[in-house]
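Visitor: These are the residues of each chain, in order.
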Amino acid sequence: MTQVFLGMPAGGQGNLFEQEPFPKAAHRELGNTQMRKNLRHATHSIRDKRLKVVGELPDWEALRNAGSTIKNNSMATLEERLLEFEKNFTARGGVVHWARDADEANKIVTDLVRGTGATEVVKVKSMATQEIGLNEHLESEGIDAFETDLAELIVQLGQDKPSHILVPAIHKNRTEVRDIFLKEMPVVDPNLTDEPAKLAEAARAHLRKKFLAAKVAISGANFALADTGTLGVVESEGNGRMCLTLPETLITVMGIEKVLPHWEDVEVFMQLLPRSSTGERMNPYTSLWTGVTEDDGPQNVHIVLLDNGRTRALADRFGRTALNCIRCSACMNVCPVYERTGGHAYGSTYPGPIGAILSPLLTGIEVEENGSLPYASSLCGACYEACPVKINIPEILVHLRGEDVDAKREKHKLPTQMDLLMKGGSWALGKGKNIGLLEKALPLGRLAAGKDKKIKKLPGIAAGWTKSRDIPAPPNKSFRDWWSDEKESK
Amino acid sequence: MSAKDEILGRIRTALADTPVTEEVPREYRTTSTMSQEQLIELLVDRLVDYKAGVEVIEAEQIPEFVASKLKDASSVVYPQGLDARWLSALGSEVELRLDAPGARLSVAELDATSAVVTSSAVSVAESGTIILDGQPDQGRRAISLVPDHHVCIVPVSTIVQLLPEAMPRLSITRPLTWISGPSATSDIELERVEGVHGPRTLDVLMVRGL
Ligand code: SF4
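So the sequence lines, in the order shown, correspond to chains P and B.
The working numbering numbers the first residue of the first sequence as 288 and each following residue consecutively.
The working numbering numbers the first residue of the second sequence as 99 and each following residue consecutively.
Honestly, the hints are just simulated from the structure, not real lab data.
Check each hint, because a few of them may be wrong.
[What the hints assert, rightly or not] The calculated lysine to aspartate or glutamate pairs, modelled on EDC-like cross-linking and capped at a C-alpha distance of 20 angstroms, are:
#1 K496(P) <-> E407(P)
#2 K394(P) <-> E104(B)
#3 K677(P) <-> D346(P)
#4 K677(P) <-> E125(B)
So here's chain B without its partners, still in its complex pose (with noise of 0.2 angstroms):
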């Protein structure tokens, strides 16, 4: 008899009591009542905790504040989707990697570039998470984990504030990252120590009229 079907047997009969399903109680909260400039200081706030680094911008400043935000960057990797105008004021010096589809970028690439700057699906204020889903402007999951440094974009018309109001906006089955910070370790102690193996730089621009 092959391993599945023994174990689905056994599971048949661990359950020869029959035990019945119930309905699931979700009695939790759905749904906002917070108005969008709740939502923003909200997801600040719980950012900053975190030390991410939080910049809430107009669209038109996007430039502005991704030069500022790279201005020690050698080296910037971007998402084939990604509005290159969001680049255009990056110094000379920084030297743009474009990671596409048939041009994709290597580890050793990545690890020898200083930041990556990607969008973000949708984020929750009540936990401060941004989730990014692999979409064109988010990119394959190497490119914002490897480099150091991620500047991430994220639109305030995308800020929910609670868990349960992001998921219909995420597609599952996408690889999904989902990013509350920097990385950390509470390995030592139980402490929070950010800094570890993701990036240990993460800066939010949080964009009005996007």
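Next up, chain P with everything else stripped away, as it sits in the complex (with noise of 0.2 angstroms):
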């Protein structure tokens, strides 16, 4: 058995972690009105939006079990799949690098910035250059970073953190926007207002000179092709497309759960990811490059592949179907948590339901900073719903519930804000009512515990289960008590 020596999965590192438990962190961000005013205007109109695109095509469920596929099979055999990418991509001129953890990827992408002699770099939004911190490391190494995605640039400007995967500004409106502007753009117009154009016009004129003299600059990838070895970014506003063009050194830092076998796989996922994402029936650009095109392009092509932590949720025959998002963000779009909290209570890179199952799989649930992630559900379902590969993420949650519970009890600590009880998981879920039947049971589960806070006995359903061992009490309060009191506070 020398494959167990070879590698064991090991977590991620970088910024996939809660910074405080989730139930402590949403009740601040709960507490900030100007911020739920703005997720709730911003998240109702998508849905409507996302609908509406969804409904005009007759074959969209068919859609999404070809993309669910699709990606299954990917992760199956992501072995062959990477190996395939990589020969491809060499082939026609590209360079593979390959990183364990977020640490040895700054310092791949680092090396390159330094091998080019640049000492700063144009981004476009990506999630895995935010997952390993790769902005706060290029600083420190003395390397400028510049987002160019507005919603970025309205956070790097503002000194903020994303919130949202997909407009990661989501949390400020308009004015809040203008007022950023106006008081970090060196050269602004003093009367900017707050119209989106005007604002969108700044941003154009702030960050055109840096795009027609930048040396090098840094991507995600939305997509690999396996077998062409092709890669793909969608984005809207043509920094993505100014990026990927202009600079001679082009670096993609890209999850390796990305690759997709075939490059007919792109019909399946261009059509499910815009409308899902923006509400869209395409978003406004998107690019495809293979290697280095003679005369067209940047001439020095990279590719950094990044595990942190995907092996480690691959290892999960439960919850390995987290690495099949796409990141189109429709499930925190739809999510009743998400919007009354907002994506910092989430803590990591990742926020909303994605987040509460992508970030412990990640990191490995044991990895205290995140056990309370799972509960941050009311698991109604709508994540499921909406999700355009179908990743059923309210059974992910129950089943992190489980290890949770189990990795607290080895390390014989009681539960902070966990529910035992979700560990009836399949019956559970069959319908919300059950659910609110299991967490009524919470209170009487502490009346049943002794002095030693373990419950010996627990009533009705849920006996057959406690005979076989002992649990630590429950909290006072389960999530959805909490939840349903918030949402009566509202």
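Hints are included, so try docking the two chains, each in its own frame, into the full complex.
Guide: Here you go:
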């Protein structure tokens, strides 16, 4: 069994952790009424748009089924797919690098930038580089990284943190954006209004010179095609095209799970992604490139293939479908919890329903900091329904809650905010009402617990389960109770 | 051990339960039932929705329409493979700049050019998407990106209804640019606003008989 020694899946590092337990962060963020108003406005308008453009396609379910199977197949054959991609990308003049974790990826990118002699880089939005904290790392090495996506620019200028994977500044409304621009842009019209078109124009003027002079660009990728060695970036503003076309050197950082087996698979994902993310029939710009094209675009083309916990998630046979995520953000746009707490409450780069499963899967649920994320849900199921690749987020949440309980028991610690009775997962998931019933049993559970805070026996439906083991007493308030209080106090 | 070997080893360990692959159910639409007139109508509708300018014209009208779209331009860049007759009605005050192998315009020159005229490879009516694949009549990517005004020729014979119909017409390893309207952003309150870094004006000439 040499393969076991060849590499044990390890947890990811970087910006993948809760900064504090979810309920605590959520309580604080809920106090931010402006943010809640902004979020409500934005998520509701996007929901309607999404439903409309999804409803236009008579074959939406067929596309979802295809998308889900393609992703499953890709994950099941990941090693071959990556090797195939490497071979094809290399054959076309690209250079492939492999990074075990955030530190290694940051170092590779820094060395590549250094090698060009550049001291600044332009960046097009990428979740992976946010996850590994690349900007901060580059800065510490004396390299300035300029975000060029409008929302990222707002976040970077405002010294803020992203709160949404697609629209990182979704928590800011137009007036707040204007104020940030007026304060932080070196050259800006003092009479700038808060009209979105004017704000976009200010961003254009601010970044134009940077694009035209940039020697090095850093990008993410929405997908890699194994059988051709092609990479793709999906965007709106043209900042992506600028970064992918004008500089001499292009460095792409991409999670290993983004690889698709066949180039024709693009036809599925480019129908699923834009409609699910911005609620458009198609995003304004998509760029595809295969290694180096002579006389067109960057002549030094690199890709860093990043693990950083992805193999850890892959090892979880019940959770691995979380890696199928195409980062469309539909799940957060429909999530009633996200709508109220915002993205910051989740701590990690990945907020919302997908973040609640992906972050602990990448780091390992036993990592104390991410233990409370799987409880950040009312299990209403809206995310599963919206997900274009059919990731069963509620089921994985329940699975991870179980893992969390096991991990905590192993450490002889009492659970923090967990909902023990969620162990009855499949039954509870059948109907929302059943979950309610289960959670109603919580206070009873407390009563049933003796002085040692251990429950020996539970009444009703959970009796079968408690028979076989002692379980630690649940917290005073279940997430669901907290949640219904919150909803009422709104 | 190299990072590559280690990551691949981790993958093998993670997949020790040997999950099986399944045949991909491709039950989505892959063939169109629309007539060419319907395709034109659909593509026009989508592009107008994206706030692109659209005209449906005959081949012999190209010079006239190119000239009218570019009446305010002081300079125009075009790729080597573009049919030069299309530019023949432009006023003498408009400077024509050819971008050709061995005679490339610099980024600064492109930035100082008002507009670009290119052809296109294939268009998808259902999503309002025009695809450029870097053939000689479309040129390298920078020329259709840096100037602020893009006049794009779409022969109606290259319009399909569905994305899966467009795929066999593409050579995927060429640098591809898919364009669905002028540059836009949804980053402020999730509302689409046109005009950021890419060309802020997109004029599409859909041409019959080309
Ligand atoms: S989990 Fe599904 S819905 Fe959520 S971002 Fe990923 S692909 Fe989109």
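Visitor: Hint by hint, say whether it matches the structure.
Guide: Outcome of the hint check:
Simply put, K496(P) and E407(P) have alpha-carbon atoms about 13 angstroms apart, close enough for the 20 angstroms limit, and the pair holds. Proximity of K394(P) to E104(B) is assessed by CA-CA distance (about 17 angstroms); at most 20 angstroms being required, the pair is judged to hold. Taking the CA atoms of K677(P) and D346(P), the gap is near 15 angstroms; set against the 20 angstroms cutoff, the hint holds. Among the hinted pairs, K677(P) with E125(B) is consistent with the structure: their alpha-carbon atoms are about 16 angstroms apart, no more than 20 angstroms.
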